Each structure stands twice: as structure tokens, then as C-alpha cells.
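Using the sequences plus the hints, can you model the full thing?
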Amino acid sequence: MGFPWPLSSHKEETYHDRSPASDISAHQEPYVTEALLAPEDVRPYTDSKPRRQILLQRCINIILFLVILAESIALYRCKRHLLVRQTPVPNFINVERTWIPDQRFAHKYMFSDNNAFAEVYKGWETLFPCKSTSFPQLGRPSLANPNLQLIFITSTAAMGMIHIDDGQSYINNPPYQSTLTLLGGSDAYMVTSIHQLHCLRIILSTYGVLRLGGTNDVDDAHLAHCFDYLRQGLMCSIDTSIEGNSTEYGEGWGSVHVCKDYSKIVKWIDHQTEGLEQVRTESQG
Numbered sequence: 001m002g003f004p005w006p007l008s009s010h011k012e013e014t015y016h017d018r019s020p021a022s023d024i025s026a027h028q029e030p031y032v033t034e035a036l037l038a039p040e041d042v043r044p045y046t047d048s049k050p051r052r053q054i055l056l057q058r059c060i061n062i063i064l065f066l067v068i069l070a071e072s073i074a075l076y077r078c079k080r081h082l083l084v085r086q087t088p089v090p091n092f093i094n095v096e097r098t099w100i101p102d103q104r105f106a107h108k109y110m111f112s113d114n115n116a117f118a119e120v121y122k123g124w125e126t127l128f129p130c131k132s133t134s135f136p137q138l139g140r141p142s143l144a145n146p147n148l149q150l151i152f153i154t155s156t157a158a159m160g161m162i163h164i165d166d167g168q169s170y171i172n173n174p175p176y177q178s179t180l181t182l183l184g185g186s187d188a189y190m191v192t193s194i195h196q197l198h199c200l201r202i203i204l205s206t207y208g209v210l211r212l213g214g215t216n217d218v219d220d221a222h223l224a225h226c227f228d229y230l231r232q233g234l235m236c237s238i239d240t241s242i243e244g245n246s247t248e249y250g251e252g253w254g255s256v257h258v259c260k261d262y263s264k265i266v267k268w269i270d271h272q273t274e275g276l277e278q279v280r281t282e283s284q285g
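Going by UniProt numbering, the first residue of the sequence shown is number 1, and it counts up by one from there.
Just so you know, these hints were derived from the structure itself, not from any lab.
Just so we're clear, the structure is a prediction, and the values are computed from it rather than from any experiment.
Be a bit skeptical, because a hint or two may be false.
With a straight-line Cα cutoff of 30 Å, these simulated BS3-like cross-link-like pairs (lysine-lysine) come out [to be verified]:
#1 122 - 108
#2 260 - 122
#3 122 - 264
#4 122 - 267
#5 108 - 260
Structure, rendered in C-alpha cells:
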């Protein structure tokens with residue numbers, strides 16, 4: 001018995017077990033998945049905190065690198081302009097000093113009276129090292145010598161002369177070789193600040209003696225040296241302190257300055273020359 005339709009056009013149907021529940025599940029699956037996921041703006045981001053920490057750490061590292069780089073550049077530029085010389089002299093501390101007049105070293109009557117000038121001149125002895133050694137003195141007028149006379153009793157320490165081992169490893173110029181050299185053949189070098197005070201004292205004595213009618217035989221070349229030496233000293237160690245006009249003391253006084261501790265410098269010089277100083281005496285006038 002044959003089939004009423006051709007076999008070639010027959011398609012075998014495949015049946016799947018699709019229950020109504022499975023159809024509903026298939027249709028609802030995308031919606032359920034989306035419903036279970038929170039919207040992007042409220043969806044929790046579990047690894048955001050570690051990322052923020054990493055970003056913060058990177059920012060801190062970059063900032064630290066830039067700070068170190070800036071400090072290195074600043075230090076390099078500073079070293080280019082900062083000259084540091086080797087020296088056997090210790091680094092003395094800075095102290096604050098208020099400048100006020102001191103009549104032990106100068107006052108307005110010192111050039112009108114012989115005794116007043118002699119007392120002022122004697123007061124300068126306390127400024128120099130080696131206070132136990134005789135210091136340049138001012139001869140008082142007498143019947144035999146009516147004029148003021150400068151009598152120099154000069155110690156090497158009072159001139160700021162100190163001994164330095166292997167001094168030429170620090171200083172280009174050779175040591176002093178004169179009557180002021182230290183005992184035992186020690187090399188003698190002069191401390192600049194004491195040399196400056198020595199020059200100022202020479203100018204003071206020369207002017208004072210001439211004002212008071214005395215005679216003075218200080219060489220003109222020595223005086224010229226002192227003026228230029230003091231000029232260069234002032235311009236080298238420039239004091240940039242700001243001054244006001246003191247109503248109590250007058251112009252320039254009453255202001256605070258940052259200074260080296262001079263008493264410490266004097267003590268150091270005394271220690272350097274202990275047992276090595278010698279004295280020369282000569283009279284001028």
C-alpha cells in the first residue's frame with residue numbers, strides 16, 4: 001500500500017520537550033538577568049578602593065620625586081655660588097648684639113684733653129688678644145718731652161699672630177718672617193680681624209696725637225695701607241642689618257646685628273699663641 005504523498009517532500013519533524021514552564025523561563029531569562037544586576041550608577045565596584053590607593057600612592061611618589069629634584073637643583077646652584085675654603089680656624093657661632101656707644105673706646109671729649117685721650121687709647125688694650133702682655137701705650141707729656149709720644153710695646157699675640165702647622169696648605173702667601181715671628185721658629189700668620197683693629201688703632205692714635213698738638217711719625221704708606229685694608233674688609237664682610245634712627249643714642253645706634261662671638265675668637269688666638277709670643281719695643285715721636 002503506497003503513501004498518498006511523495007516521500008521526497010516529507011520532512012521529519014523533531015519534537016522537543018518544551019513544557020510551558022520552560023517557555024516562560026526562556027522568555028523571562030534576559031529580563032531576570034538584568035533585574036538581578038543593579039544599574040551602573042548604583043552598582044557596587046568592589047575593587048575601586050585598591051585602585052584609589054594605588055593612584056594616591058603614585059601621586060605621592062611623583063610629588064616626592066619632584067621635591068627631591070627641585071632640592072637637588074637648588075643645592076647644585078647654591079654650590080656653584082658658595083665658595084668654601086679650607087681653614088684651620090674653627091667656625092665660631094653667631095650671636096646677636098645691640099650696638100650702643102661705649103665711652104671706654106670713644107667719646108666726644110677724647111680729642112680735647114690729653115688725659116682723656118690717653119684713657120681711651122688704653123681702653124683699646126682690652127679689645128686685643130694676650131691681655132697679660134704689654135700693649136702699645138701713649139706716652140704722657142712731660143717737661144722733658146712736652147709732646148705726646150707713641151710708645152709701641154707690641155706682642156705677637158696682640159697683633160693677631162698665631163702659629164699654624166703646615167700653614168701653606170691653607171694659605172697661598174708665606175708666613176711672616178720679621179721681628180714679629182713667633183719664638184722657636186714657628187710660622188706666624190695674622191688673623192684678619194685683629195689686623196683690622198690694629199689698623200683702626202693706628203688711625204686713632206695718629207689723628208688723636210695730631211689733634212692734641214703732639215708729633216707722630218707713623219709712615220704715610222702704613223696709614224694708606226690701613227685705610228684701604230679697612231675699606232676692603234668692610235666691603236668683604238658686608239653687614240646688611242637694617243638700622244633705625246635711635247632717639248636715645250643717635251644715628252646708627254640701638255639696632256640689633258648678627259655678629260661672631262668676638263670673645264671666643266680672642267680666647268682661641270690666646271690659646272694658639274700660648275708660650276710662643278715675644279715682645280718688641282720701639283718708640284715713635
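The hints, checked one at a time:
no.	hint	in the structure
1	122 - 108	holds (16 Å)
2	260 - 122	holds (24 Å)
3	122 - 264	holds (22 Å)
4	122 - 267	holds (20 Å)
5	108 - 260	holds (28 Å)
Going down the numbered hints, you'll see the structure goes against none, and every one checks out.
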